[in-house]
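Protein chains: 4
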Amino acid sequence: MPQAKPEEAILLLSCTDRKGLVSRISDFISSHEGNIVDLDEHADPDEGMFFIRVAWDMNLFTLPKDLVESAFAPIADKFEARWKIRFSGTRMNIAIFVSKYDHCLQELLWRQRLGEFPVNISMLISNHPDLEPLAKQDGIPFYHFPITPGNRQEQEEKEIRLLQESHVETIVLARYMQVLSSSFVCRYPERIINIHHSFLPAFIGGNPYKQAYERGVKIIGATSHYVTSEIDEGPIIEQDIARISHKDMVQDLIRKGRDLERIVLARALRYHSEHRILTHGNRTIVFD
Amino acid sequence: MPQAKPEEAILLLSCTDRKGLVSRISDFISSHEGNIVDLDEHADPDEGMFFIRVAWDMNLFTLPKDLVESAFAPIADKFEARWKIRFSGTRMNIAIFVSKYDHCLQELLWRQRLGEFPVNISMLISNHPDLEPLAKQDGIPFYHFPITPGNRQEQEEKEIRLLQESHVETIVLARYMQVLSSSFVCRYPERIINIHHSFLPAFIGGNPYKQAYERGVKIIGATSHYVTSEIDEGPIIEQDIARISHKDMVQDLIRKGRDLERIVLARALRYHSEHRILTHGNRTIVFD
Amino acid sequence: MPQAKPEEAILLLSCTDRKGLVSRISDFISSHEGNIVDLDEHADPDEGMFFIRVAWDMNLFTLPKDLVESAFAPIADKFEARWKIRFSGTRMNIAIFVSKYDHCLQELLWRQRLGEFPVNISMLISNHPDLEPLAKQDGIPFYHFPITPGNRQEQEEKEIRLLQESHVETIVLARYMQVLSSSFVCRYPERIINIHHSFLPAFIGGNPYKQAYERGVKIIGATSHYVTSEIDEGPIIEQDIARISHKDMVQDLIRKGRDLERIVLARALRYHSEHRILTHGNRTIVFD
Amino acid sequence: MPQAKPEEAILLLSCTDRKGLVSRISDFISSHEGNIVDLDEHADPDEGMFFIRVAWDMNLFTLPKDLVESAFAPIADKFEARWKIRFSGTRMNIAIFVSKYDHCLQELLWRQRLGEFPVNISMLISNHPDLEPLAKQDGIPFYHFPITPGNRQEQEEKEIRLLQESHVETIVLARYMQVLSSSFVCRYPERIINIHHSFLPAFIGGNPYKQAYERGVKIIGATSHYVTSEIDEGPIIEQDIARISHKDMVQDLIRKGRDLERIVLARALRYHSEHRILTHGNRTIVFD
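Protein chains in written order, with the working numbering: chain A, 345 to 632; chain B, 345 to 632; chain C, 345 to 632; chain D, 345 to 632.
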């Protein structure tokens with residue numbers, strides 16, 4: 345078991361590149377007796393952008409947690425930055441949406457039991473009742489919202505109410521077989537993580553394994569991405585692949601793909617919940 | 345250095361699956377005192393198809409090489425099979441088409457010097473003169489056919505005449521930056537091998553590394569395929585991938601992609617020249 | 345869900361290479377109206393050995409299952425072959441040995457629920473009581489055999505009695521942290537599958553992740569192998585690797601390694617239970 | 345072709361971790377109007393060590409290049425750091441040592457022509473004359489130092505004189521089949537890069553592909569490392585692997601291994617020549 349690590353503050357920040365950014369940020373930290381534990385910086389020369397993730401030890405930091413943001417805000421304002429500060433001791437509330445496939449859910453639940461993610465799984469939401477027993481086993485509330493052609497909007501409104509009541513910050517679609525409405529998606533920008541069972545942008549849409557089989561590819565993939573209102577077009581967080589051959593029928597692609605899907609989705613949730621991801625346009629910067 | 349191996353006959357055959365196919369083929373071989381050195385069979389249950397590659401030792405085979413095909417033909421006819429028989433001692437004549445990039449060509453020339461391919465490189469054909477020195481170095485004839493908007497058909501006719509005179513069986517497009525006409529392509533079915541610098545079917549067409557960068561993928565690929573009259577749509581022979589990150593600009597994708605392109609094209613040529621590939625529709629069976 | 349496939353007979357055979365082997369075997373099958381579904385053959389030129397796996401459809405086969413072996417025996421005798429014939433409809437009885445780590449066990453149980461392995465899990469055996477609940481959940485008998493310095497032989501005898509009563513054919517060590525005695529191991533030749541958490545032969549013995557960290561490798565691995573009386577020296581069935589960096593501490597290696605261990609062990613059990621493995625000396629031939 | 349990038353200064357530094365290190369370093373840079381282009385930091389919690397690589401733009405930097413080191417020295421002294429500052433415009437002088445195999449050499453020469461490495465290849469040194477033509481082709485001086493059982497010390501002394509006269513900083517052993525003496529090795533600490541054709545620490549010493557074949561591994565590897573006086577035991581810079589099967593004889597391992605060796609060695613030289621590597625004990629920190 346990993347030892348309890350001392351609490352850390354994590355700053356994620358992006359802005360137009362200019363001189364002195366690292367210096368200004370690190371001075372803020374050291375001026376309050378913080379020790380930088382991890383710093384990863386990326387300057388994009390083509391776009392003139394600056395991206396940074398800094399984690400520092402809160403042990404001897406002279407500012408209390410609830411004052412850190414307001415103390416840092418003037419610096420960020422000067423840079424006209426997009427930014428947030430989070431604390432490693434504060435678990436992120438997440439909801440997992442599922443349908444009938446259990447492999448991604450099982451993977452997340454198993455890793456959660458091992459303490460791999462700094463999250464609380466606040467609830468499971470499904471359009472089918474099948475996976476309720478898995479939720480029960482780990483004491484996680486399960487809500488069943490059947491979706492019919494006519495009731496999506498109504499059901500989504502109920503779901504949103506539930507999510508808000510539980511202060512859910514992030515939604516993980518663990519092979520949830522419904523399309524969320526644009527208005528739902530827009531409420532959770534860069535906070536809905538999907539797993540698509542292909543190597544995007546190849547095989548967008550339905551039945552990607554069948555598409556892959558028919559195209560005769562020699563490698564299949566899985567892609568985890570943030571959901572935007574355009575299906576399968578959001579910023580890609582993580583991808584991985586597996587080699588196949590002519591011996592593999594569609595069923596084999598599905599079987600081999602399951603292993604990819606659960607690993608890729610788990611990695612994406614890990615990066616997201618550890619505050620390792622910044623976006624710029626449709627691209628992600630993942631400080632792994 | 346690999347030892348000289350005794351000559352082998354190689355049968356590649358596909359037909360509708362039925363009882364007794366392996367038995368009938370292996371009886372043919374053993375009835376003439378042939379010893380099977382390698383046999384790989386694939387039955388596709390969904391399509392009811394049978395595919396086989398058999399290699400046998402010609403050392404003690406009681407039929408002379410020039411009678412093997414006619415002796416086997418009645419068996420193949422009965423199965424209504426697509427088939428061919430080749431001999432490992434007969435090198436395949438190939439032509440390599442290039443433009444200005446040398447990495448794929450260098451790779452093929454280097455491996456050829458090492459004896460990795462059972463081929464003769466009969467000629468290099470290019471729309472630019474730049475790579476002539478590389479051809480000269482290895483004593484390979486180099487022909488320069490500049491392509492202008494108006495002269496493609498005329499130049500292709502000259503190229504075809506050259507290819508025919510040298511009994512070229514297979515054409516390798518080693519980053520040849522021209523599109524061949526349909527009529528050219530149709531003369532060489534499953535005998536033109538291309539390398540496309542993306543993980544097909546993602547990023548079809550021009551500038552795939554730029555497309556990949558803009559989509560923000562985390563993995564890039566290269567694909568070798570047989571050329572058909574639809575661009576980038578022919579049967580895929582081999583693919584491979586490399587991991588990238590947000591640190592990689594388009595230039596880095598190009599650099600990392602070069603390593604993929606040359607390895608993937610070399611593998612494809614190896615499979616092809618060793619008679620390891622059957623096609624069915626738009627898919628390949630690669631007996632590796 | 346995969347469709348129920350018609351029953352198949354599977355022959356695994358190895359012998360000294362000679363002319364007519366494939367012919368003789370395929371004739372046996374076709375003479376009884378069997379249709380070969382899958383055939384994979386390997387001739388080792390250095391050792392003059394012949395290895396084959398053939399699967400054929402039993403649907404219209406004119407010999408009943410219980411007579412197939414005796415009908416084939418004269419052929420195998422003539423070749424002085426090592427061989428066995430199994431039927432796809434007969435599930436292999438296996439026992440899983442565990443200690444406290446649950447990741448490999450969870451993986452096997454989950455895949456078993458999905459129908460990925462043609463096995464019955466007859467029992468779990470452990471030197472600790474911790475994982476009993478997982479066994480219960482799937483209705484699998486769990487036996488607790490604590491091992492102390494003095495009682496190993498006695499406990500193993502009880503275990504063997506249990507295994508025999510349940511007709512267990514194969515034992516899977518899913519991170520079982522005890523060394524089995526030579527006499528135990530010798531009773532189950534090529535029938536005990538272990539997962540070692542390193543890229544063998546690197547880091548034999550205890551604490552391989554710590555060893556790997558200290559050596560500063562950039563890639564870690566996991567290895568599944570048959571257990572022989574020499575620790576970590578048995579024939580290797582499957583291996584896989586994961587990339588690490590200087591950022592990964594021992595705890596990270598353990599975390600990343602878990603994903604490898606469970607995937608590699610699952611693949612090995614799949615190959616073994618589908619009768620895809622032959623051995624020759626300390627090497628395996630895996631017809632995948 | 346990559347555009348000419350503005351000159352950068354690169355600081356590599358390691359010391360005991362303490363508060364304010366990043367702040368102190370970035371203040372130094374920004375106080376002289378430098379803009380940080382790339383910063384990668386690693387704190388090792390187990391060992392209490394701090395590692396950093398910072399690159400900044402020299403364009404508007406107010407200190408001239410020849411004063412940068414002396415200006416930074418007091419800061420480094422205070423931290424009791426190991427450190428160096430290099431400039432991207434100053435190419436590193438390297439010597440390549442070879443014997444008879446050309447694949448690694450060809451790879452390095454080809455990439456050098458493409459401008460992938462910020463190095464000058466000052467000379468080739470070999471114990472055989474075979475590869476002189478390759479050196480000539482690129483106008484690189486070639487020196488032949490045959491090694492006999494009795495003359496190693498004498499020849500090494502001549503080699504060292506040559507290396508010193510040409511201000512060679514780093515030596516690349518591109519499949520050089522001689523062992524360098526301890527006294528030679530000690531003159532170039534962390535400045536001799538070797539490629540070993542196995543996945544170290546597996547298969548140390550001679551004939552690793554034969555060893556791998558005999559052990560029956562399913563994956564082979566190659567390892568690039570700094571040379572120390574203990575053979576194959578120096579800090580590992582980079583490793584990669586390729587999957588093999590029972591079909592691969594020793595010759596196939598050699599063929600597949602060649603592709604690994606050249607790629608892995610090229611990556612290692614890239615990291616080294618771009619000043620991306622720090623060592624700590626027997627481990628490397630590679631800021632890629």
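Hints are computed from structural coordinates only; laboratory data are not their basis.
It is possible that part of the hints are untrue.
Copies of the same chain look alike in the list, so a pair counts if it works inside one copy or between any two.
Capping the alpha-carbon separation at 30 Å, the derived lysine-lysine pairs in DSSO-like fashion look like this [what the hints assert, rightly or not]:
no., residue 1, residue 2
1, K502, K554
2, K409, K554
3, K363, K422
4, K600, K444
5, K349, K409
6, K600, K422
7, K428, K444
8, K502, K409
9, K422, K554
10, K444, K349
11, K409, K444
12, K428, K363
13, K480, K409
14, K502, K600
15, K349, K591
16, K349, K502
17, K363, K554
18, K422, K502
Treat the numbers as computed from the prediction; the structure is a model and nothing was measured.
Going through the hints against the structure:
Within a single copy, K502 and K554 get their C-alpha atoms no closer than 35 Å, and across copies no closer than 42 Å, so neither meets the 30 Å cut-off. In this assembly of identical chains, K409 and K554 lie within 30 Å of each other by CA distance neither inside one copy nor across copies; the values are 51 Å within and 36 Å between. In this homomeric assembly, K363 and K422 come within 30 Å of each other (Cα to Cα) both inside a single copy, at 13 Å, and across copies, at 25 Å. In this assembly of identical chains, K600 and K444 lie within 30 Å of each other by CA distance both inside one copy and across copies; the values are 18 Å within and 28 Å between.
Taking the shortest alpha-carbon separations for K349 and K409, only the intra-copy value of 17 Å comes in at or below 30 Å, while the best inter-copy value is 42 Å. Taking the shortest alpha-carbon separations for K600 and K422, neither the intra-copy value of 50 Å nor the inter-copy value of 38 Å comes in at or below 30 Å. For the identical chains of this complex, K428 and K444 are neighbours neither inside a copy (36 Å) nor across copies (40 Å), given an alpha-carbon limit of 30 Å. Taking the closest pair of Cα atoms, K502 and K409 never come within 30 Å of each other, the shortest separation being 34 Å inside a single copy and 59 Å across copies.
Taking the closest pair of Cα atoms, K422 and K554 never come within 30 Å of each other, the shortest separation being 52 Å inside a single copy and 33 Å across copies. Within a single copy, K444 and K349 get their C-alpha atoms only as close as 37 Å, which misses the 30 Å cut-off; across copies the closest is 24 Å, which meets it. Taking the shortest alpha-carbon separations for K409 and K444, neither the intra-copy value of 41 Å nor the inter-copy value of 39 Å comes in at or below 30 Å. In the homo-oligomer, the alpha carbons of K428 and K363 lie at most 30 Å apart both inside one protomer (21 Å) and across protomers (23 Å), since each shortest distance falls under that limit.
Taking CA atoms no more than 30 Å apart as the test, K480 paired with K409 passes in neither setting, with 35 Å inside one copy and 45 Å between copies. Taking identical chains as interchangeable, the C-alpha atoms of K502 and K600 are never at most 30 Å apart, the minima being 36 Å within one chain and 38 Å between chains. When the C-alpha separation of K349 and K591 is checked against a cutoff of 30 Å, the pair qualifies only between copies, where the shortest distance is 16 Å, while the shortest distance within a copy is 48 Å. Taking the closest pair of Cα atoms, K349 and K502 never come within 30 Å of each other, the shortest separation being 38 Å inside a single copy and 44 Å across copies.
Proximity of K363 and K554 under a CA criterion of 30 Å is satisfied inter-copy only: 29 Å between copies versus 51 Å inside one chain copy. For the identical chains of this complex, K422 and K502 are neighbours neither inside a copy (40 Å) nor across copies (61 Å), given an alpha-carbon limit of 30 Å.
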